[in-house]
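As you go down the protein sequences, you meet chains A and B in turn.
All residue numbers for the first sequence refer to the working numbering, where the first residue is 4 and numbers rise by one.
All residue numbers for the second sequence refer to the working numbering, where the first residue is 10 and numbers rise by one.
None of these hints come from the bench; they were simulated from the model.
Ideal placement from N, C-alpha and C gives every residue a C-beta, glycine not left out.
Don't take each hint at face value.
Within a straight-line C-alpha distance of at most 20 Å, the following computed EDC-like cross-link-like pairs (lysine to aspartate or glutamate) qualify [claimed, not checked]: (1) A:Lys117 - B:Asp461; (2) A:Lys172 - A:Glu96; (3) A:Lys286 - B:Asp164; (4) A:Lys29 - B:Glu507; (5) A:Lys65 - B:Glu319; (6) B:Lys200 - A:Glu40; (7) B:Lys504 - B:Glu354; (8) A:Lys34 - B:Asp461; (9) B:Lys348 - A:Glu45; (10) A:Lys117 - B:Asp468; (11) A:Lys26 - B:Glu354; (12) A:Lys226 - A:Asp324; (13) A:Lys172 - A:Asp154; (14) A:Lys81 - A:Asp95; (15) B:Lys348 - A:Glu40; (16) A:Lys213 - A:Asp126; (17) B:Lys348 - B:Glu507; (18) A:Lys29 - B:Glu354; (19) A:Lys34 - B:Asp468; (20) A:Lys136 - A:Asp95; (21) A:Lys81 - A:Asp223; (22) A:Lys29 - B:Glu319.
Some but not every residue of chain A turned toward chain B, in silico, with C-beta under 8 Å [to be verified]: (23) Thr5; (24) Asp160; (25) Lys264.
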Amino acid sequence: MTMWIIVGISIVVFGAMFWSILKHRKSVGHKASNFHENTTVEIVWTVIPVVILVAMAFPATKVLLAARDSSAPDMTIKATGYQWKWGYEYLDEGVKFYSTLSTPRDQIEGTAEKGENYLLEVDNPVVVPVGKKVRILTTANDVIHSWYVPDLAVKQDAIPGFIRDIAFKAEKIGTYRGQCTELCGKEHGFMPIVVEVVSEEDYQAWVQAKLADSGAPSFDPNKTYSVAELVSAGEQVYNMNCVACHQPDGVGMPPTFPAIKGGKISTGPMAAHLDIILNGSKKNPMMTAWGPQLSDLDIAAVIAYQRNGINSTGDILQPSDIAAARSE
Amino acid sequence: MEAVHDHDHDHHVPSGIMRYVTTTNHKDIGSMYLWFSFVMFLVGGVMALVIRAELFQPGLQVVQPEFFNQMTTLHGLIMVFGAIMPAFVGFANWQIPMMIGAPDMAFPRMNNWSFWLLPPAGILLVGALLAPGGAGGVGWTMYAPLTVQPGMGMDMMIFAVHILGMSSIMGSINIITTILNMRAPGMTMMKMPLFVWTWLITAYLLVASMPVLAGAVTMTLTDRHFGTTFFNAAGGGDPVLYQHIFWFFGHPEVYIIAIPAFGVVSEVIPTFARKPLFGYASMVYATASIAILSFLVWAHHMYTVGMPVEAQLYYMFATMLIAVPTGVKVFNWVATMWKGSMTFETPMLFAMGFLFLFTIGGFTGLVLALTPVDIQLHDTYYVVAHFHYVMVAGALFSAFAGVYYWLPKWIGKMYDERLGKIHFWLSIIFFNVTFFVQHFLGLAGMPRRIPDYSLQFADWNLISSIGAFGFGLSQVFFLYVLLKAIRSGEKAPEKPWEGATTLEWTHLPTPAPYHSFETPPQLKG
Numbered sequence: 004m005t006m007w008i009i010v011g012i013s014i015v016v017f018g019a020m021f022w023s024i025l026k027h028r029k030s031v032g033h034k035a036s037n038f039h040e041n042t043t044v045e046i047v048w049t050v051i052p053v054v055i056l057v058a059m060a061f062p063a064t065k066v067l068l069a070a071r072d073s074s075a076p077d078m079t080i081k082a083t084g085y086q087w088k089w090g091y092e093y094l095d096e097g098v099k100f101y102s103t104l105s106t107p108r109d110q111i112e113g114t115a116e117k118g119e120n121y122l123l124e125v126d127n128p129v130v131v132p133v134g135k136k137v138r139i140l141t142t143a144n145d146v147i148h149s150w151y152v153p154d155l156a157v158k159q160d161a162i163p164g165f166i167r168d169i170a171f172k173a174e175k176i177g178t179y180r181g182q183c184t185e186l187c188g189k190e191h192g193f194m195p196i197v198v199e200v201v202s203e204e205d206y207q208a209w210v211q212a213k214l215a216d217s218g219a220p221s222f223d224p225n226k227t228y229s230v231a232e233l234v235s236a237g238e239q240v241y242n243m244n245c246v247a248c249h250q251p252d253g254v255g256m257p258p259t260f261p262a263i264k265g266g267k268i269s270t271g272p273m274a275a276h277l278d279i280i281l282n283g284s285k286k287n288p289m290m291t292a293w294g295p296q297l298s299d300l301d302i303a304a305v306i307a308y309q310r311n312g313i314n315s316t317g318d319i320l321q322p323s324d325i326a327a328a329r330s331e
Numbered sequence: 010m011e012a013v014h015d016h017d018h019d020h021h022v023p024s025g026i027m028r029y030v031t032t033t034n035h036k037d038i039g040s041m042y043l044w045f046s047f048v049m050f051l052v053g054g055v056m057a058l059v060i061r062a063e064l065f066q067p068g069l070q071v072v073q074p075e076f077f078n079q080m081t082t083l084h085g086l087i088m089v090f091g092a093i094m095p096a097f098v099g100f101a102n103w104q105i106p107m108m109i110g111a112p113d114m115a116f117p118r119m120n121n122w123s124f125w126l127l128p129p130a131g132i133l134l135v136g137a138l139l140a141p142g143g144a145g146g147v148g149w150t151m152y153a154p155l156t157v158q159p160g161m162g163m164d165m166m167i168f169a170v171h172i173l174g175m176s177s178i179m180g181s182i183n184i185i186t187t188i189l190n191m192r193a194p195g196m197t198m199m200k201m202p203l204f205v206w207t208w209l210i211t212a213y214l215l216v217a218s219m220p221v222l223a224g225a226v227t228m229t230l231t232d233r234h235f236g237t238t239f240f241n242a243a244g245g246g247d248p249v250l251y252q253h254i255f256w257f258f259g260h261p262e263v264y265i266i267a268i269p270a271f272g273v274v275s276e277v278i279p280t281f282a283r284k285p286l287f288g289y290a291s292m293v294y295a296t297a298s299i300a301i302l303s304f305l306v307w308a309h310h311m312y313t314v315g316m317p318v319e320a321q322l323y324y325m326f327a328t329m330l331i332a333v334p335t336g337v338k339v340f341n342w343v344a345t346m347w348k349g350s351m352t353f354e355t356p357m358l359f360a361m362g363f364l365f366l367f368t369i370g371g372f373t374g375l376v377l378a379l380t381p382v383d384i385q386l387h388d389t390y391y392v393v394a395h396f397h398y399v400m401v402a403g404a405l406f407s408a409f410a411g412v413y414y415w416l417p418k419w420i421g422k423m424y425d426e427r428l429g430k431i432h433f434w435l436s437i438i439f440f441n442v443t444f445f446v447q448h449f450l451g452l453a454g455m456p457r458r459i460p461d462y463s464l465q466f467a468d469w470n471l472i473s474s475i476g477a478f479g480f481g482l483s484q485v486f487f488l489y490v491l492l493k494a495i496r497s498g499e500k501a502p503e504k505p506w507e508g509a510t511t512l513e514w515t516h517l518p519t520p521a522p523y524h525s526f527e528t529p530p531q532l533k534g
């Protein structure tokens, strides 16, 4: 409707403008009149816009009140923004996971053909049942992010230290893709959101599978891994979580993103290395605490990769060491 | 005083560079403002082209994401604070004394200082790129808590904003005092040219809003270095507080840029329609209402932060209200042209380009005012398109109109009319190629401030980038047109514009002498 109002006003205003441009020009001999006041006209063209605006405000208010109604949801998911990924927690079902961009680096850098869903694909999509009112609670771990899925008509800022909410109901089964829409630093353009809307049965099956998956750790916490095992697992972890800042091969982008290769911490004492990964850096806010985000095996593996893949210090930690450090 | 100085009147001006360092002459200072803003316009323009070059195709080709973010940030800050605002202060300096029949600005020495604060600020802004880690890639809005993360480039930007704010406040005090105290006898407030009125209102907006921005960035500074937590929830602060403070400044800022542009257009259109401005009094009242409303709508930039729905409704209604006085202005301009006797020299072309494109920007603004629509379009390219219609087609085109209009008075030479028209047509075509397609990108959901995008956005981005390079080159062409006029322009007639009625055209020779109106002019009736 707004569109038609705009078209209507444009026709009148631009019509008058172009009519005067064509007809009231000196080159066709038009003499200038000298009128320059008309109170009636002024009042008319103040009142008419007011009436139009009031007419527009009514439907807009109705839509807004409906859209902002997040009461009585069928399910609630907490979405947490991180630099640079999303964490999801299904509050009733107890499902929890992180969702990271899955487009390979070489597609971004142009050394590989770009896939169909370039930059709009993740490793773990959000899965919701069709026709259910889903309430999303947004918050953030570091800076402000924004959870935006255009085709579900939702956008809500995720603000560190606060929880906001928004609700949607997907009427059709399918995949809905969106992106972070609040500038959140370097990789702002690389933290998409993917929502899979599935049937109720498929949803229940997915929940069961996820729960089974996360119930027990997928690794044996007491196993002693070999250096090679940890380094190869660590390379994966590094490429998912560290590479955006510390760069492939660990060259970093000093001074904000220090080098891992030959770096003071990654070739220095093991305790400091573990501490900065678990708890983040006190001096550089860009280095976040990875303890809550990564498993014991992931941390042991990424340390092994950094010290023995990128560097060659020869020492490693086992997942059990990480567990011990966590409980201190 | 006059008697003492009469005999050496023209000899106490130092020559060369010292003339400009020490000058207290409003014309010299106005020229410096205009040249400074043009240099910053080119610097900010190059940054825009870096952005558009990266967005030419999907994938990362030209720059890395953090440098991209620094480019978008500095492009915004430089264009707003370095290019457009100083350009209109330059117009104010040149024109206000001449249009009200005053010999100079009220505080000439402060005038000198308020200009000379700008170059250090400009150097800090651009120099931030050379700081370790580069400038802060935080967006020109500098939202907390992202601003805690960058290195000292961020501090340089904060200090630059402080300095620019000081300069603006001093400039505004000067303008207000000049207008209120130094009008020629007989020039009552309601007889002032509309350009003077718009600047009076703008100067009040500046004085009221710049300290708020200074407060916001100062709190950012102390959050960064001195352990305060104004914007950090962990210490009892709130990141959204920053946004409220910023936009309490930021929305009036939009009108600080737009209102002097209204003023220029309100001088140019009557001149070339050879007909007095329609509804002078209603123009003054509309401008004042826009200025007041601009302080009451700031949170319409923040519909997605999660404010109560009642607040969203209030901001929606208040924002829609701005359409009324803005509409009145557009109607008045069209009514001024109606039944006039129009000619279409370059200033008039730019003024009409302004009117046409600013109205489109106004329409998209009305679309964005509707909260449910804005939530969908917030932080997408639709918003980018909208504010470039208002800022570039609005403020920049009206600045071009002003330069072509007053250039003969300033330098006593004419620009090349044919080249001026070519500049206009190149600008308006490439502007629309660049920015009209960005509406489609926004409607399709492309977020702003991303260095790379998914494949469905590729076509429109390609077109937009081509337009941007065309627009950039058109402005290099503008520099050529300017330099040609200055070096070898034809001598300007005393009154090149038949329909001009303001004092600088009717009571002063062309070019305007270094000191004008040492005795106040006699106004008719």
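Verification of the supplied hints:
Under the criterion of a C-alpha separation no larger than 20 Å, the hint pairing Lys117 of chain A with Asp461 of chain B is consistent with the structure, at around 12 Å. Our distance criterion of 20 Å between C-alpha atoms is met by Lys172 of chain A and Glu96 of chain A, whose separation comes to about 18 Å. The hinted pair formed by Lys286 of chain A and Asp164 of chain B meets the criterion: a straight-line CA distance of about 17 Å does not exceed 20 Å. Simply put, Lys29 of chain A and Glu507 of chain B have alpha-carbon atoms about 12 Å apart, close enough for the 20 Å limit, and the pair holds.
Using a Cα cut-off of 20 Å, the hinted pair Lys65 of chain A and Glu319 of chain B holds, with the two alpha carbons roughly 12 Å apart. Using a Cα cut-off of 20 Å, the hinted pair Lys200 of chain B and Glu40 of chain A holds, with the two alpha carbons roughly 14 Å apart. A threshold of 20 Å between alpha carbons decides the hint, and for Lys504 of chain B with Glu354 of chain B the separation of about 14 Å falls inside it, so the pair holds. Annotation: proposed proximity of Lys34 of chain A to Asp461 of chain B is violated, straight-line Cα distance about 55 Å (limit 20 Å).
For the given pair, Lys348 of chain B sits about 17 Å from Glu45 of chain A by alpha-carbon distance, which is consistent with the 20 Å threshold. Distance hint between Lys117 of chain A and Asp468 of chain B is fulfilled; the C-alpha atoms sit about 15 Å from each other, no more than 20 Å. Distance check on the hinted pair: Lys26 of chain A and Glu354 of chain B sit about 17 Å apart at the alpha-carbon level, within 20 Å; holds. In summary, the hint linking Lys226 of chain A to Asp324 of chain A is supported, as the alpha carbons are separated by about 11 Å, within the 20 Å threshold.
Of the supplied pair hints, the one linking Lys172 of chain A and Asp154 of chain A holds, its CA atoms being roughly 11 Å apart against a limit of 20 Å. The straight-line distance between the Cα atoms of Lys81 of chain A and Asp95 of chain A is roughly 10 Å, inside the 20 Å bound, and the hint therefore holds. With a CA separation close to 14 Å, the supplied pair Lys348 of chain B and Glu40 of chain A stays within the 20 Å bound. Between Lys213 of chain A and Asp126 of chain A the CA atoms are separated by roughly 14 Å; this keeps the pair inside 20 Å, and the hint holds.
For the proposed pair Lys348 of chain B and Glu507 of chain B, the alpha carbon gap of about 17 Å is at most 20 Å, so the pair holds. Distance check on the hinted pair: Lys29 of chain A and Glu354 of chain B sit about 12 Å apart at the alpha-carbon level, within 20 Å; holds. Restraint check for Lys34 of chain A and Asp468 of chain B: not satisfied, since their Cα atoms lie roughly 48 Å apart, outside the 20 Å limit. Pair hint Lys136 of chain A plus Asp95 of chain A holds up; C-alpha atoms about 14 Å apart against a cutoff of 20 Å.
Distance hint between Lys81 of chain A and Asp223 of chain A is unfulfilled; the C-alpha atoms sit about 29 Å from each other, more than 20 Å. Distance check on the hinted pair: Lys29 of chain A and Glu319 of chain B sit about 53 Å apart at the alpha-carbon level, beyond 20 Å; violated. About 6 Å separates the beta-carbon of Thr5 of chain A from the nearest beta-carbon of chain B, less than 8 Å, and the hint is met. Restraint check, Asp160 of chain A versus chain B: the minimum CB separation of about 5 Å is within 8 Å; hint holds.
The interface hint given for Lys264 of chain A is violated, since its Cβ lies 18 Å from the closest Cβ of chain B, which is over the 8 Å cut-off.
Violated hints for the displayed structure, listed by number in ascending order: 8, 19, 21, 22, 25.
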